[in-house]
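Student: Each chain is listed here by its residues.
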Amino acid sequence: MTAVLGALAALSLAAAGCFGGDSSTKTGDAKGEVVITCEDCPIRPTKKDTFGRHFKQATDAFNLKYKGRYRVKSTPYTPANDADSAQHYERAALTDTLPDLFADQANVIRNVASSGKLVDFAPILERDTTWKAAFEPGAFASLSDDEGHVWGIPEQRDVVGVYYNEALLRRAGIAAFPTTWDELLAACSRLKATSVIPFAMDGDWVTQLMWANLIGTQPGGAEFLQSGIEDGGFADDPDVVQATEFLKRLHTDGCVNKDAFSGDYNRAAAPFLAGQAAMIANGPWMVADIEAAKIDAGYAISPGDGLIVIPGSAGWASGAKDDAHREAVAAFMRFITSDEQMLRKAVATGSYWPTKLEPTASQAERLEPLSYRLLEQVDEVTYAYPHAKFATPQAFTKAWINDWPAYVQGAMSTEDFLDGLSEAVQRQR
Amino acid sequence: MRLEAPTRGMGLGIALSLVPGAALFTVFFLVPVGVVVATSLSDWSPIGSAFTGLENYRLLLADDAFWMALRNTALFAVAALFIQVPVGVAVAIILSQRIRGWRVLRTVYFLPNVVSGAALALVYLTFYNPRYGLLNQALGAIGVDSSRDWLFDVDTALPAVAATWVFTAGVVMILVMAEIAAIPAEVYDAALVDGASGWQRARYVTLPLLRDVIGVCAILVLLFTLAYFDGVYIMTGGGPADQTLTLSLYAFQQYSESNWGYANAIGALLIALGAIVIVAVRRVFRIGQRDF
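Residue numbers (the working numbering), protein chains in the order written: chain A, 1 to 429; chain B, 1 to 292.
Chain A on its own, in the form it takes in the complex (with noise of 0.2 Å):
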């Protein structure tokens, strides 16, 4: 029956249409040149898509200074959103027609290794301690298992705080941005009885990370964040609770966006950078926008004393099927983590590297001064912690998406509400 329902699996999705033959792996030309196939590389990215720009430059840079001997051929894919990015490579991995190479978010990466199809980078780190012992501590935590194996290269490690709009909050008499939990819902009233929305929030991503602050700016939050979230009972962790709690009392306080519960991300950006909303938790990468709003803002560590640092919450994995690929792939995994190309990455995306780089004086002045400025205050805070998005499936993110509305308005209780995502993390571990 196996055999026949994976030939009608099979067949399926060759009569669908579902992958192009484009993503195989292939070897390489008549003078013996390795070509890996990359997909999430750019070819034509667009003068908005700093990523996607920086990735080309690497990408070219490489080919040209291993030409004859490797060369990552990019491959053409767009998904449509994170979970059509998650079933397109679950689906590459059933139908054993992985890329060479791919980039996803780090639970994504665990989940297609379940597939048994990913290049396990474990052993070549071993063999090549300089790049391993070149990665900061902790860097390759969501994207290993408990077994050892490393499923992913991290590339960046993202610095998460809040930004606020020092015009809003001067308007309304704020000095200076929260740096407790109370002075936080101080902050909320005045800024209210200026009309001001204090807090942007989408009930997702922006939503989630004030979560992630409430709970790690707690003893313990940080563990919980890191490995206990992955075992549910959430609704018997009191200080998730509390967090969860608090959390909904900025809704029903009128502290956030009154439509703040779609899930769509435009929801929190839109009124921040409108200057209709005081503050946003998000990563560096907003700061291209907010420079475009001509904002003038800054960035600040979360209420609390805490800092979201995720370290490798995406990364590169591979599905490269001989030794000669996977170390092409391997060599392109060192040149696009060295030293120089962090530090291009840095100052054309505003994200941060994920290695022990330490950049000169001049060096450092080249990259952006609000994200940076948070970068530096890493070891000073008293929490780091992760996001909890990244330690649960996609499961999790669905579940709060769907009850977290019905949540603030009184139609769950916060048992049912935490039991919800709990049991939505059970259910796809």
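Do not rely on the hints blindly, as some may be mistaken.
Pair by pair, the computed Cβ-Cβ distance ranges are [claimed, not checked]:
(1) A:Ala186 with B:Gly143: 30 to 36 Å
(2) B:Asp64 with A:Asp296: 44 to 50 Å
(3) A:Thr180 with B:Leu54: 52 to 58 Å
(4) B:Phe29 with A:Ser114: 30 to 36 Å
(5) B:Asp145 with A:Gly275: 23 to 29 Å
Short, incomplete list of chain A residues facing chain B, as computed with Cβ under 7 Å [what the hints assert, rightly or not]:
(6) Ala83
(7) Ala93
(8) Ser115
(9) Asp259
(10) Phe261
(11) Asn402
(12) Asp403
Simulated from the structure, these hints should not be mistaken for laboratory data.
Ideal placement from N, C-alpha and C gives every residue a C-beta, glycine not left out.
Here the structure of chain A is known, so what remains is to put chain B in place on it, guided by the hints.
Tutor: Just chain B, lined up with the frame of chain A:
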């Protein structure tokens, strides 16, 4: 009607001419349906597949989200049958009276049917937005202070989603108008001679003669509700708390979570429900049967 037997010697030609159609039907319908049904009997995920018999169906019976999706799909079906079809028929009967400006009205009423469902959903997302949406602003203009988030409030989400399509009955209107145009004028002349009023002609002449086309419209709108996906996916994603989850969307969600066998069990049920709807409506409306 009795079909005549083909002329002797034409059997092979008829059979050969049916081959392309039969092949396409097999490849694009029978095989996919076979895959859906076969894999619904398995635990199929990226890791592999294993035959589990009726386990997926047993799990469905104990799945609250499935029952919620079934309830919502049924409510949408009821709305389609008892609001969308009557509205479309009523509009068609009125416009068939050739009232002033009927051509313009017909075009305007049909317009939403030529716009993609996804585009309409985006329009309605803005329309219902609690901060800047037209609905709350209109309510405010008439003195009703509302900051309700219509699409994400558990009390209003389902009717708010239904309202985005239930009054869009352009297809029903067009089909019914075509049928009305085909009714012989002599029938109305006879009714006039008998002294029937305009209402009586509509009630006792037009409506009974529209039974077939109304039945067809009922099948179309019911199948639409079974397959309804794009609008609800874009507007609410099935939330809040599954209040707008439909069977099609739930199948998609399960597929997204890599529960492919489970998703196909829902898909197989949808196919069965579709078949039941077609048979039931055909019987209720006695489609194709003559009264005289």
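Student: If a hint holds in the structure, say so; if it does not, say that too.
Tutor: Against the structure, the hints come out as follows:
1. The beta-carbon spacing between Ala186 of chain A and Gly143 of chain B, approximately 34 Å, falls within the hinted interval of 30 to 36 Å.
2. Evaluation of the 44 to 50 Å hint for Asp64 of chain B and Asp296 of chain A yields a pass: the beta carbon distance comes to about 49 Å.
3. A hinted range of 52 to 58 Å holds for the C-beta pair Thr180 of chain A and Leu54 of chain B, which are about 56 Å apart.
4. Taking the beta carbon of each, Phe29 of chain B and Ser114 of chain A are about 33 Å apart, inside 30 to 36 Å as hinted.
5. At roughly 25 Å, the beta-carbon separation of Asp145 of chain B and Gly275 of chain A lies within the given 23 to 29 Å, and the hint holds.
6. Hint on Ala83 of chain A holds. Least Cβ distance to chain B is approximately 5 Å, under the 7 Å limit.
7. Because the smallest distance between the Cβ of Ala93 of chain A and any Cβ of chain B comes to about 5 Å, under 7 Å, the interface hint for this residue holds.
8. The criterion of a C-beta within 7 Å of any C-beta in chain B is met by Ser115 of chain A, whose closest approach is roughly 5 Å, and the hint holds.
9. Given hint, Asp259 of chain A at the interface with chain B, holds; its Cβ is 5 Å from that chain's nearest Cβ, closer than 7 Å.
10. Of the supplied interface hints, the one on Phe261 of chain A holds, with its beta-carbon coming within about 4 Å of a beta-carbon of chain B, less than 7 Å.
11. Given hint, Asn402 of chain A at the interface with chain B, holds; its Cβ is 4 Å from that chain's nearest Cβ, closer than 7 Å.
12. The closest approach between the C-beta of Asp403 of chain A and any C-beta of chain B is roughly 6 Å, which is under the 7 Å cut-off, so the hint is satisfied.
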